[in-house]
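S.K.: Okay, here's what each chain looks like letter by letter:
Number of protein chains: 2
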Amino acid sequence: MSKKLTKRSENYSKWYNELVVMADLAENSSVRGCMVIKPYGYAIWEKIQHELDLKFKETGHYNAYFPLFVPKSLFEAEEKNAEGFAKECAVVTHYRLKNDDKNPGKLIVDENSKLEEELIVRPTSEAIIWRTYKNWIQSYRDLPILLNQWANVVRWEMRTRLFLRTAEFLWQEGHTAHATEQEALDETKLIIDLYANFVENFMGISVISGLKSDSEKFAGAEETYCIESLMQDGKALQAGTSHFLGQNFAKAFDVKFADKQGNLDHVWATSWGVSTRLMGALIMSHGDDNGLVLPPKLAPYQIVIIPIFKSEKELEDITNYVNPIIKGIRESGFTVKFDNRLNQKPGFKFNEHEIKGVPIRIAVGPRDLKENTLEIFRRDTLTKKNLKSSDAITEIKFLIEDIQKTLYERSKDFMTTNTKVAENYEDFKNLIEHGGFVLAHWDGTEETEELIKKETKATIRCIPFESNDSGLCIVTGKKSKGMVFFARSY
Amino acid sequence: MSKKLTKRSENYSKWYNELVVMADLAENSSVRGCMVIKPYGYAIWEKIQHELDLKFKETGHYNAYFPLFVPKSLFEAEEKNAEGFAKECAVVTHYRLKNDDKNPGKLIVDENSKLEEELIVRPTSEAIIWRTYKNWIQSYRDLPILLNQWANVVRWEMRTRLFLRTAEFLWQEGHTAHATEQEALDETKLIIDLYANFVENFMGISVISGLKSDSEKFAGAEETYCIESLMQDGKALQAGTSHFLGQNFAKAFDVKFADKQGNLDHVWATSWGVSTRLMGALIMSHGDDNGLVLPPKLAPYQIVIIPIFKSEKELEDITNYVNPIIKGIRESGFTVKFDNRLNQKPGFKFNEHEIKGVPIRIAVGPRDLKENTLEIFRRDTLTKKNLKSSDAITEIKFLIEDIQKTLYERSKDFMTTNTKVAENYEDFKNLIEHGGFVLAHWDGTEETEELIKKETKATIRCIPFESNDSGLCIVTGKKSKGMVFFARSY
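Same order as they appear, the protein sequences are chains A and B.
Per numbering that gives the first Met the number 0, numbering through the first sequence is continuous, rising by one, with the last residue being 489.
Per numbering that gives the first Met the number 0, numbering through the second sequence is continuous, rising by one, with the last residue being 489.
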């Protein structure tokens, strides 16, 4: 903790990398591109999991578990999907090690254990799941199937960054099967709305949602819906996606169902996911130069109480003084940690909980005991005040709500302020240089999209669901159906 | 559901395999040895996870996440551990696929993507975790570390069976680091007691606990504590293990800490785990010839209500009749499903929920509406009775407790009845032939253990923690420190 965190204005990227480690969220492992998620980081991920899991179940989804491995022949069945992931696949080729006769104590791969067919470590599970659904679906009575799984996946990334892009990451992936196109489309939309609602109301991060352009959509999907958020450096981050897969996987795996009249048709599909990447969004949306800032709904402990004492007797007195407050906090449904470590000084503790983003800090010293007071500090605004201990619970209730609200409003204001409309391509180039979302008319072609990307490094982040005013493309002057969101992105 | 379940007395093994599939718990996948855990089976696993997770947290443990892959050089560092798992390792050797020029649409492994060092898909995580702990531990202040992870692991088994032995399985693995030997030993014992308590009080399965013999202990451990349960066919099943690892991993990965006086010493370790194998124990402990029997604490839904109706009007009347009962059940903290499917007959539903082991079934028909009655059926005893609907909640409260208790007592009685003492080796051979635990004196040598295994297929399941009366080995006549539990096992 002796090391000072780099300021965001100095080097945003360095600030992020340092913060992830200093706040005890995660670290790089001795496996290339794979991270260790540390207890404090994992506790935040558990809160994300718990809330999403509730929302999935409330909307009729069940959890299940499918194999980690995908045989190569299944993997390649849906060609676009296979093509999209082929270049980043970890491949299992052998199932045994043996002693290395030349190096005692060392092991080598046993060549006699070569697999007849290679196994791909799942980069996503459509293939293995649709092969399974083939056996589960015969008639309309078997539909819909609404499943989700919490799992690890592997995509062999060359340049990795903690949480944002790692070779292995944790996620949830929903895979649903439907009798009609409309039902699958409704499911796709239901989930992107569920994600948007979760990220805004639970994580306190403002998002926009809409469709991906064809070049940015999921490999194997007909349409990809996404939510995008804006980081403090003005770059966009894709926070979640929901895919309408049409009948692509049903056709690749020959999954048909008989409708009420006995007619056979291919099944309609969706898939959707969010990952530990959300942790990156959380850090970059709310963090400040002092460290992490957590919305109360995601904090492993929402309140920390730090005793200021010089003797064990003083600590004992403070403990007796705060015990009823701790009880009151817990009875109000909040989580609190009493940091009574003897081997660390208050200054160290203040710093540690600040960098870890604990929403509320309470400090109590010997004078507070005489005056029946305490000092309360809110992490989001870095402000503190003294109050009567009898007012503590009321104030905490207010702060828990207010910090959550303040963080969201700050995020929303930031996005609003940093979303600009480009009147023409020159204007666009200028705006993109300053970061943020740029709304602009686009002619709908991949060529124009590619040109803009090449010249400005900006991509189409999303196409709004509701078409806004039509106009003329900023590059080609051709007709546009509405403005789309551009940004440079993570 | 038209297929009839094989009777346990006809073929216990076949009964098990059929039941897993017919109760919708799991099925084999298209990946050799890997299973698909279906929603109903996964919901039971979630209940197991949830309760264990609470118990781990209550005892001061935190969750974290470590990489799926272990570089070969780390894997081989602790030699005994490496030797124990080398023969069943899935090995990743490449990280990319490419198009097969000879077969359009097909993919092949890109030989240019060969990894410099092979990656082992974790069969257990001691190696990767102790490599990480090396960076986390410098002084006694950093200890203890009490971590757990929920993860998938892969052990390449040649003969697999759903839940009992699969190439990939789900589990939790605890990995703790301590300053003293005694503290690590206490942790090892704390966890085996926690497991025993959970399996008995939550899963309703009676267990014995104790030490493994040297030949049966975990590869890399100094001592393995275990809990063992007895299945209805008289074979034992290892339900959980807790390992005292001594300083083996600390030495292999050079993990030292400075004590208060500044002296350096290697860190002491434990690891412990239970897996989806517990699902196998659950099925085989309580199941009967009609299907699965679930203890209420593990049932995805504890009560099912089945309406008996001929018209939609009748269904509507029954719905109005049972709604207050459903409300009362939920307010009492129990889970209930109202099976109002129109396209299935009551007989089909009765059968389905029976094979799925739902603890309590309530049936309501038109006559019940007139007489203010309902029929209530308990799955454990297969008995039913009619009662006034106003007595329903009282009866349900009683049944939820009583079914849980009855299942445990049945399991305990079964174990007691099937635990015999062998006076001599002839006696031993006879008893082992009939199944169950056999307590016998053993001279403590691997030779005798091996001989018994070879001649009777029985292994030492555990050595009781508290040494009982000393005596003479049934095979060699040499001195024995106490009787140990033998059985044939899964």
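Just so you know, not all the hints are guaranteed correct.
Any copy, or any two copies together, can satisfy a pair, since identical chains are not distinguished.
Stated by the list, open to error - Here are the simulated DSS-like pairs of lysine-lysine, each with C-alpha atoms no more than 25 Å apart in a straight line:
hint, residue 1, residue 2
1, 312, 336
2, 2, 133
3, 255, 2
4, 336, 56
5, 54, 259
6, 97, 113
7, 13, 79
8, 326, 46
9, 259, 369
10, 46, 56
11, 259, 348
12, 296, 54
13, 3, 133
14, 296, 46
15, 86, 113
16, 56, 480
17, 46, 411
18, 344, 259
19, 97, 133
20, 348, 56
21, 79, 105
22, 97, 456
23, 113, 101
24, 309, 259
25, 383, 404
26, 384, 250
Hints are computed from structural coordinates only; laboratory data are not their basis.
S.K.: Go through the copies and call it for residue 383 and residue 404: within, between, both or neither, with a Cα cutoff of 25 Å.
M.R.: Result: close within a single copy only, 18 Å intra versus 54 Å inter.
S.K.: Tell me, please, which holds for residue 326 and residue 46 at an alpha-carbon limit of 25 Å: within, between, both or neither?
M.R.: within (22 Å within a copy, 29 Å between copies)
S.K.: Quick one: residue 46 to residue 411, C-alpha cut-off 25 Å, is that within a copy, between copies, both, or neither?
M.R.: within (22 Å within a copy, 38 Å between copies)
S.K.: Between residue 255 and residue 2, at a C-alpha cutoff of 25 Å, which is it: within one copy, between copies, both, or neither?
M.R.: Classified as between: cross-chain Cα gap 24 Å, same-chain 60 Å, threshold 25 Å.
S.K.: At 25 Å max between alpha carbons, let me know whether residue 46 reaches residue 56 within a copy, between copies, both or neither.
M.R.: both (16 Å within a copy, 15 Å between copies)
S.K.: If the cut is 25 Å between Cα atoms, do residue 97 and residue 456 qualify within a copy, between copies, both or neither?
M.R.: Neither. Shortest intra-copy (49 Å) and inter-copy (28 Å) distances fail the 25 Å Cα cut-off.
S.K.: If the cut is 25 Å between Cα atoms, do residue 56 and residue 480 qualify within a copy, between copies, both or neither?
M.R.: This pair counts as neither: shortest intra-copy Cα distance 37 Å, inter-copy 54 Å.
S.K.: For the identical chains here, do residue 384 and residue 250 meet the 25 Å Cα criterion within one copy, between copies, both, or neither?
M.R.: For residue 384 and residue 250, neither the intra-copy (64 Å) nor the inter-copy (51 Å) Cα distance is at most 25 Å.
S.K.: As a check of your reading, is residue 113 near residue 101 (CA-CA no more than 25 Å) within one copy, between copies, both or neither?
M.R.: both (21 Å within a copy, 22 Å between copies)
S.K.: My question is about residue 86 and residue 113: at a cut-off of 25 Å on alpha-carbon distance, are they close within one copy, between copies, both, or neither?
M.R.: both (22 Å within a copy, 13 Å between copies)
S.K.: Is it within, between, both, or neither for residue 348 and residue 56, if the alpha carbons may be no more than 25 Å apart?
M.R.: between (39 Å within a copy, 23 Å between copies)
S.K.: Check residue 13 against residue 79 for me: Cα-Cα at most 25 Å, and say if that holds within a copy, between copies, both or neither.
M.R.: neither (36 Å within a copy, 42 Å between copies)
The earlier numbered hints that this structure contradicts are 5, 7, 9, 16, 19, 22 and 26.
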